[in-house]
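These are the residues of each chain, in order.
Number of protein chains: 2
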Amino acid sequence: MVSYKLTYFQSRGLAEVSRQLFHLADVQFENHVVDRDEFLRLKPSLPFGQVPLLTVDGVEIPQSLAVARYLARKFGFAGKTAEEEAIVDALGDQFKDFYKEIHDYFYAKLGIIDVQVNEDTHLIPARNNFLTILTNFLQKSQSEFLVDSGLTYADLIIIDNMTTLIGWYPDYLDGFDKIQKWRASVLNFPKLKEYLEKRPLTPA
Amino acid sequence: MVSYKLTYFQSRGLAEVSRQLFHLADVQFENHVVDRDEFLRLKPSLPFGQVPLLTVDGVEIPQSLAVARYLARKFGFAGKTAEEEAIVDALGDQFKDFYKEIHDYFYAKLGIIDVQVNEDTHLIPARNNFLTILTNFLQKSQSEFLVDSGLTYADLIIIDNMTTLIGWYPDYLDGFDKIQKWRASVLNFPKLKEYLEKRPLTPA
Numbered sequence: 001m002v003s004y005k006l007t008y009f010q011s012r013g014l015a016e017v018s019r020q021l022f023h024l025a026d027v028q029f030e031n032h033v034v035d036r037d038e039f040l041r042l043k044p045s046l047p048f049g050q051v052p053l054l055t056v057d058g059v060e061i062p063q064s065l066a067v068a069r070y071l072a073r074k075f076g077f078a079g080k081t082a083e084e085e086a087i088v089d090a091l092g093d094q095f096k097d098f099y100k101e102i103h104d105y106f107y108a109k110l111g112i113i114d115v116q117v118n119e120d121t122h123l124i125p126a127r128n129n130f131l132t133i134l135t136n137f138l139q140k141s142q143s144e145f146l147v148d149s150g151l152t153y154a155d156l157i158i159i160d161n162m163t164t165l166i167g168w169y170p171d172y173l174d175g176f177d178k179i180q181k182w183r184a185s186v187l188n189f190p191k192l193k194e195y196l197e198k199r200p201l202t203p204a
Numbered sequence: 001m002v003s004y005k006l007t008y009f010q011s012r013g014l015a016e017v018s019r020q021l022f023h024l025a026d027v028q029f030e031n032h033v034v035d036r037d038e039f040l041r042l043k044p045s046l047p048f049g050q051v052p053l054l055t056v057d058g059v060e061i062p063q064s065l066a067v068a069r070y071l072a073r074k075f076g077f078a079g080k081t082a083e084e085e086a087i088v089d090a091l092g093d094q095f096k097d098f099y100k101e102i103h104d105y106f107y108a109k110l111g112i113i114d115v116q117v118n119e120d121t122h123l124i125p126a127r128n129n130f131l132t133i134l135t136n137f138l139q140k141s142q143s144e145f146l147v148d149s150g151l152t153y154a155d156l157i158i159i160d161n162m163t164t165l166i167g168w169y170p171d172y173l174d175g176f177d178k179i180q181k182w183r184a185s186v187l188n189f190p191k192l193k194e195y196l197e198k199r200p201l202t203p204a
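Protein sequences appear in the order of chains A and B. For the first sequence, our numbering begins at 1 and goes up steadily by one. For the second sequence, our numbering begins at 1 and goes up steadily by one.
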């Protein structure tokens with residue numbers, strides 16, 4: 001049996017999509033939760049000095065999107081054809097760009113950086129661009145999800161991050177009806193719903 | 001026969017690794033070069049409003065890393081096992097983080113943003129971190145490249161970007177002997193060398 005260990009903080013953050021993928025696939029893994037002190041102790045030995053880190057039978061895989069993509073491919077949540085896989089990857093990369101764009105808002109809200117932020121300046125312009133792009137994909141999709149063949153890691157990662165944003169700014173989805181409907185489809189995906197009802201509540 | 005069209009500016013930038021992959025694999029593609037005006041005309045019809053865009057028999061794939069990964073997987077430059085593929089992806093994502101970190105330096109040097117930058121502040125700290133990580137991978141690798149099985153798109157994308165940085169700052173690799181040796185191995189990879197000797201010279 002393959003041995004999986006996922007090292008990250010208690011928060012959902014950059015590892016939650018991978019935890020969700022394990023649960024969707026009914027695959028056991030060691031959920032190695034570290035606090036700040038243990039992270040700093042481990043840091044010099046981490047391939048990129050960062051978490052999340054997935055260890056697969058001793059092989060270390062860093063970077064959240066690479067980890068999620070690896071698990072999604074194994075478990076069947078990465079798209080069905082080579083071209084669809086590439087489009088799912090592109091949506092993941094576009095999410096990464098969006099996340100960098102709202103970096104100041106996100107990390108100020110987490111209390112990690114000390115910057116004055118407000119939604120109008122630091123969130124809404126990036127949101128408008130990103131959710132408009134996603135709406136176009138949803139309009140063309142033959143499933144309830146971003147791509148035709150069904151739920152993928154791109155849906156999971158974007159929707160989980162959205163949960164955090166809505167927690168800080170409840171009007172986040174106002175005016176984005178297609179996105180609201182999509183979010184409900186993801187959150188009600190039976191195996192995911194079952195997991196979300198059990199997981200510890202964390203703000204991010 | 002599959003029809004490929006790659007849309008991007010004349011520059012190497014975010015599309016060069018994909019052009020190189022076509023050449024390494026001896027696969028024909030339409031190198032659709034756009035200028036600023038044509039890009040702005042196309043922009044509303046692009047899936048993410050951005051280039052590069054790869055079109056494969058009419059299917060549109062945006063995002064430079066997603067495009068490079070798609071071609072690398074097809075052509076055998078993405079790693080040999082699922083775990084090695086994930087590590088190659090992680091190196092690509094780490095490059096993306098590095099590229100964001102040096103964003104101000106890069107775009108100021110290109111003349112796209114008007115910010116005062118200098119190497120000591122805007123390049124060297126990010127360089128030191130990134131090249132130290134890569135040196136660790138090279139030390140462990142059983143090939144001349146970042147991963148054991150040989151040349152991948154992660155080598156190509158990082159080395160091509162390095163060519164641009166060295167053009168602006170010739171001392172960029174001082175003190176990084178392993179990186180210099182690796183760079184020579186990539187640039188002398190026979191099929192790549194042949195391509196680099198023919199391609200139009202561009203500063204970035």
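Honestly, the hints are just simulated from the structure, not real lab data. Mixed in with the good hints there might be a few duds.
Pair ranges (Cβ atoms, derived) [stated by the list, open to error]:
id	chain 1	residue 1	chain 2	residue 2	range
1	B	168	A	44	42 to 50 Å
2	A	80	B	187	48 to 56 Å
3	B	139	A	171	20 to 28 Å
4	A	1	B	30	19 to 27 Å
5	B	81	A	34	36 to 44 Å
6	B	129	A	107	31 to 39 Å
7	A	199	B	30	42 to 50 Å
8	A	168	B	35	48 to 56 Å
9	B	37	A	34	45 to 53 Å
10	B	10	A	175	50 to 58 Å
Computed far set for chain B versus chain A, every beta-carbon distance over 10 Å [what the hints assert, rightly or not]:
id	residue
11	69
12	73
13	85
14	89
15	104
16	112
17	116
18	138
19	139
20	164
21	172
22	184
23	192
24	193
25	197
26	198
Which chain A residues face chain B? A few, computed with CB under 7 Å, are given here [stated by the list, open to error]:
id	residue
27	58
28	117
29	120
Glycine included, C-beta positions come from ideal geometry on N, C-alpha and C.
Going down the list of hints, with the structure as the test:
1. B:168 <-> A:44: 42 to 50 Å: violated, 31 Å
2. A:80 <-> B:187: 48 to 56 Å: Given a distance of about 38 Å, which is not inside 48 to 56 Å, the answer is violated.
3. B:139 <-> A:171: 20 to 28 Å: violated, 51 Å
4. A:1 <-> B:30: 19 to 27 Å: Taking Cβ atoms as reference, residue 1 of chain A and residue 30 of chain B lie about 47 Å apart, which means the hint is violated.
5. B:81 <-> A:34: 36 to 44 Å: For residue 81 of chain B and residue 34 of chain A the Cβ distance comes to about 27 Å; the hint is violated.
6. B:129 <-> A:107: 31 to 39 Å: Taking Cβ atoms as reference, residue 129 of chain B and residue 107 of chain A lie about 19 Å apart, which means the hint is violated.
7. A:199 <-> B:30: 42 to 50 Å: holds, 48 Å
8. A:168 <-> B:35: 48 to 56 Å: violated, 41 Å
9. B:37 <-> A:34: 45 to 53 Å: This hint holds: roughly 51 Å between Cβ atoms.
10. B:10 <-> A:175: 50 to 58 Å: Given range 50 to 58 Å: violated, Cβ gap about 39 Å.
11. 69: violated, 6 Å
12. 73: violated, 7 Å
13. 85: Given that some Cβ of chain A is not farther than 10 Å from that of residue 85 of chain B, nearest at about 7 Å, it is violated.
14. 89: At about 4 Å from chain A, residue 89 of chain B fails to clear the 10 Å cut-off, so the statement is violated.
15. 104: Fine: 13 Å to the nearest Cβ keeps residue 104 of chain B off the interface.
16. 112: holds, 17 Å
17. 116: holds, 21 Å
18. 138: holds, 13 Å
19. 139: The claim holds: residue 139 of chain B sits with its nearest Cβ about 12 Å from chain A, beyond 10 Å.
20. 164: holds, 20 Å
21. 172: holds, 21 Å
22. 184: holds, 24 Å
23. 192: holds, 23 Å
24. 193: holds, 28 Å
25. 197: Given that every Cβ of chain A is farther than 10 Å from that of residue 197 of chain B, nearest at about 30 Å, it holds.
26. 198: Given that every Cβ of chain A is farther than 10 Å from that of residue 198 of chain B, nearest at about 28 Å, it holds.
27. 58: This hint is violated: residue 58 of chain A lies away from chain B, its Cβ roughly 10 Å from the closest one there, beyond 7 Å.
28. 117: With a minimum Cβ separation of about 19 Å from chain B (threshold 7 Å), the hint on residue 117 of chain A is violated.
29. 120: The hint is violated - residue 120 of chain A has no Cβ within 7 Å of chain B, the shortest such distance being about 22 Å.
Checked against the numbered hints given earlier, the structure breaks hints 1, 2, 3, 4, 5, 6, 8, 10, 11, 12, 13, 14, 27, 28 and 29 and satisfies all the rest.
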